[in-house]
Amino acid sequence: MIDRLTAALARSRADYTEIRVERTWSTAVTFRGRRLDSATASEDQGGFVRALHAGGGWGVASFTSLDRLPAMVARAGDLSRAVPVEPPIRLADVSPHQADALLDLDGDVRGVPIAEKKRLLEAYNGVMLAVSDRIVDTLALYRDEVREYWYVNSQGTILHELRPEITLSGTAVARRDGTIEKGLESIGLRRGWNSVQDKAAGFREVAERAVELLDAPMVKGGTYPVVLDPELAGVFIHEAFGHLSEADFVYENPQAREMMTLGRRFGRPVLTVGDNGAAPGLRGTLPFDDEGTPTQDTTLIKDGILVGRLHSRETAAAMGERPTGNARATSFRHAPIVRMTNTYIAGVPGGGSFEDLIGDVRLGVYACGAFGGQTMLENFSFTAAYGRMIRDGRVAELVKDVVLAGNLFQTLDRIDHIAADFRWNQMGGGCGKAGQYPLPVTEGAPHVRIEEALVGGEVGGVGEA
Amino acid sequence: MIAPLVELAQRRVDGGADALWRRFERTTVAFEWGRLKSAATTEEAGANLRVRHRGRVGVAGTTAVGGSDVGAQHAAPLLERALASAELGEALELGFPGPPSTSFPTVGTFFDRAANASLDDLIGIGRALLARLEREGCRVNVAIERETTATRVANTAGAGGEYGGTACGVSADVWRIAGDDVLVVSDALEGADLPSDEALAALVASINARLDHALRLVVPPEGALPVVFTPAGLSALMLPVTQALSGKAVLQGISPLGAKVGAQVFDARLSLADDPLRVGRTASRPLDDECVPSRTVCLVERGVVQRFIYDLETAARAKTESTGHGTRGIFGKPVPGYTNIVMNETGAVTNVVGAQHAAPLQLGGGLLGDIPDGLLVDELIGVGQGNVIGGAFSHPVALAYRIERGEITGRVKDAAVAGNAYELWKQVAGFGNDARWTGSRWAPSVRFDGVSVARR
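Chains as they are written, first to last, in our numbering: chain A, 1 to 465; chain B, 1001 to 1456.
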């Protein structure tokens, strides 16, 4: 394959050309309630070419028929010439790499019969259904893949990788009369079959919580001190801050650039945030990004001050900074764009435990887990899986419908206490941007306290209880 | 053709099979922050095969196919994987429909003008749009996308069809960042033909009107208030209803409308239909992805629930007929999916090619006049998150305006709206005169009274 790609590259007349080819074997199993919804095996393959002529824009071609490779290399070159760009696109230097990176498959899923995958999922699904007769429905998903990946560019980089991925999720739906509540368990790893055994406890726990939520009151809307658990804190930092640190948002927008000026204070000295594409064993981890740049640990906020951002080769060149290995594409169907990898809020050594965070909170909300999150630039909204009231320094009753909404700048500035109990959240799902979804990413954080945040409930308005 | 694939399957399986083959070519031109940045082309083909063997159903998909057909060398491994999938599948009395008694309906899905547009034509549309949207202190992104598709569907019961389609999408967003205030106003057109000049003018007018009103920031109101949702802002109220009207949700027992066929559950002025026969819409098609002829399906008539949408499998499980809503991609199995959702309208009016937007429209659709204090909501954050089908929602606003004494007085930030979609639809305070397509939904602005508005 490499010979085929380098031969096609040699015929390109563009000043810069890159080719990616991927072949992906995947299986997916779905249970709904007690019923197997589907068990399928798929094969997806295709290629991607991106070319740049001096003075031209990006010419891009993607295709599923590999016979078309030479024609598509020529087509990408033509497209680049057809779109003159002023000032010209430049790429920051990255030294060429040749690597054969076969990641640890940890039990190659391609060797496991689909019937066995069905049995595993059926067991986890059964654990949820067995919790209570209030569990009226479940949705359990298993998906695995192994992607063989080839990348070459005209500057001498040649990569060959084997990338495993495995995700499992379970949604338990509890119902009593008109009240419906959900619990969600999600596991996502850049590993193989061995890594998803013995995971029943998590599925049981979310089903039990869904049943408990049937009796839980809705949180009373208003402003509270809020403690985020590591899962929600991770989702928060990814959604609310991480996307703003992607340089394609700022590099050609002077106003955005000003808003994200390095050196600006974003939080109190307790806050340190980064993105680490090289952290071992995580879902967002890869040796190189999809432009052949090695991944790295990039600090974004240090001691409350903005110190870095995430780059592709193009955005790095435009801003006079260094590429960070964050140009990623979900598949051969897409061009690499600036994306996060494994994004984190650093634990604070000496920051203490969860108990230390709530000790002096008279009335607050402990928001846990994430059903989803969305950001519109400086505004965000997150739906926690569940919450618990904090009363007089202790965790009190379970509450539901905890929606956190706010303004990023205000909220970051109100983070006043970060614990030492950092952990990575190895969840499934993925990040979406510019039509590219799902991109495997991981988030990590310790418990984080926001001294004041808006918690939405059914009835809006003033919030003292 | 996919006939050889279906024939191959027929020789091996005892309960029938159906298949879909689809090929598309897409050309995209992107202007980033005001300048032409890239041109891209995509060619993709793939096949999806479903079999029923020993009473069990299995599915497999692949993009390892030829550019013009499935090809014998690709058909055999695809069939093997479908059979392996069927070995695990649950037993299901899935029948495949025979050929229609008459022919499949005809619907205009392919437009030469769109198919033949050159790269320069597409760049020209983008440049013209950019020139009209440029304004001091703002940055503009524009993307133009043109797609041609070929779809073939066939089954072992002798039914089959093929059709070509075109699609053209134009989207623009205008950004204004002032200090820490980020304002984004966007709009998009989507149709089977190239957009008309009128449609492009309406897109520009729609963005400009919303931008002009947004420049001034005002304090949000608070309390149980009249709230007008624009056609785009209406998503939060439509999503629970469309999810609940899917036969799949009904079958799972999670649809609040599951037992309500024939019951008056909504305001008597609300009607909803799904219409795959609209000329010029990208979701339109003569037959669905399971060889079932397309037809317009009335979902809600004057507030009364009429029926749910089904594909073959959910229909078989629910002991009813498919409504022609089988939707399948290359991977995975068919699922019930909507085509064009149409609110409060019977057909003829919008069957005009290019009527993406009606003429430049008054923001608020004429519903603001007698509102002393309220909100106009154009975009919310977090729609689709959480327990959507339950109906309860609570979303911060992404783009919303305060209404005072019948006039828009400015943009509000840091506000959230909350309510229950099913409760709100019981009594609608008014439908606007500004119906338009938002993606594949045709709806006007809608006013509800007593919506909870919170601020911080």
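Keep in mind that the hints were calculated from the coordinates and are not lab data. Just so it is clear, the structure is predicted and the values come from calculations on it, not from any experiment. Each residue gets a CB set at the ideal place from its N, CA and C atoms; glycine is no exception. A couple of the hints might just be wrong.
[Said to hold, decoys possible] Using C-beta positions, here's what the derived DEER-type ranges look like:
hint, chain 1, residue 1, chain 2, residue 2, range
1, B, E1080, A, G350, 31 to 41 Å
2, B, Q1073, A, D108, 39 to 49 Å
3, A, E451, B, C1138, 55 to 65 Å
4, A, D392, B, D1180, 29 to 39 Å
5, A, L363, B, G1253, 37 to 47 Å
6, B, G1369, A, D15, 30 to 40 Å
7, A, D198, B, N1116, 55 to 65 Å
8, B, G1164, A, E397, 55 to 65 Å
9, B, D1014, A, A130, 31 to 41 Å
10, A, R265, B, R1216, 24 to 34 Å
11, B, G1164, A, D108, 51 to 61 Å
12, A, K302, B, G1164, 24 to 34 Å
13, A, A130, B, E1087, 42 to 52 Å
| request: Could you tell me whether the CB distance from B:G1164 to A:D108 stays inside 51 to 61 Å? | output: Given about 42 Å between the Cβ atoms, the range is violated.
| Verdict for A:L363, B:G1253 (Cβ pair) under range 37 to 47 Å | Holds, at about 38 Å.
| message | Given the hint of 30 to 40 Å, is the C-beta distance from B:G1369 to A:D15 inside that range or not? | response | Violated, since B:G1369 and A:D15 (Cβ atoms, about 60 Å apart) do not stay within the stated range.
| B:E1080 versus A:G350 beta-carbon gap, inside 31 to 41 Å or not | The hint (31 to 41 Å, Cβ to Cβ) is violated, given that B:E1080 and A:G350 are roughly 60 Å apart.
| request: Please test the hint of 55 to 65 Å on the beta carbon pair from B:G1164 and A:E397. | output: holds, 60 Å
| field | Verdict for A:D198, B:N1116 (Cβ pair) under range 55 to 65 Å | value | holds, 59 Å
| said: Is 24 to 34 Å respected by the C-beta to C-beta distance linking A:R265 and B:R1216? | reply: holds, 29 Å
| Lying within 42 to 52 Å: is that true of the beta-carbon distance A:A130 to B:E1087? | The hint (42 to 52 Å, Cβ to Cβ) is violated, given that A:A130 and B:E1087 are roughly 26 Å apart.
| message | Given the hint of 29 to 39 Å, is the C-beta distance from A:D392 to B:D1180 inside that range or not? | response | This hint holds: roughly 36 Å between Cβ atoms.
| task | For A:K302 and B:G1164, compare the CB-CB distance with the range 24 to 34 Å and indicate the outcome. | result | Since the Cβ atoms of A:K302 and B:G1164 sit about 56 Å apart, the hinted range of 24 to 34 Å is violated.
| query | Could one say that the CB atoms of B:D1014 and A:A130 fall in the range 31 to 41 Å? | reply | The hinted range 31 to 41 Å holds for B:D1014 and A:A130, with Cβ atoms some 36 Å apart.
| query | Taking the beta carbons of A:E451 and B:C1138, is their distance inside 55 to 65 Å? | reply | violated, 35 Å
Against the hints set out earlier in the document, violations occur for numbers 1, 2, 3, 6, 11, 12 and 13.
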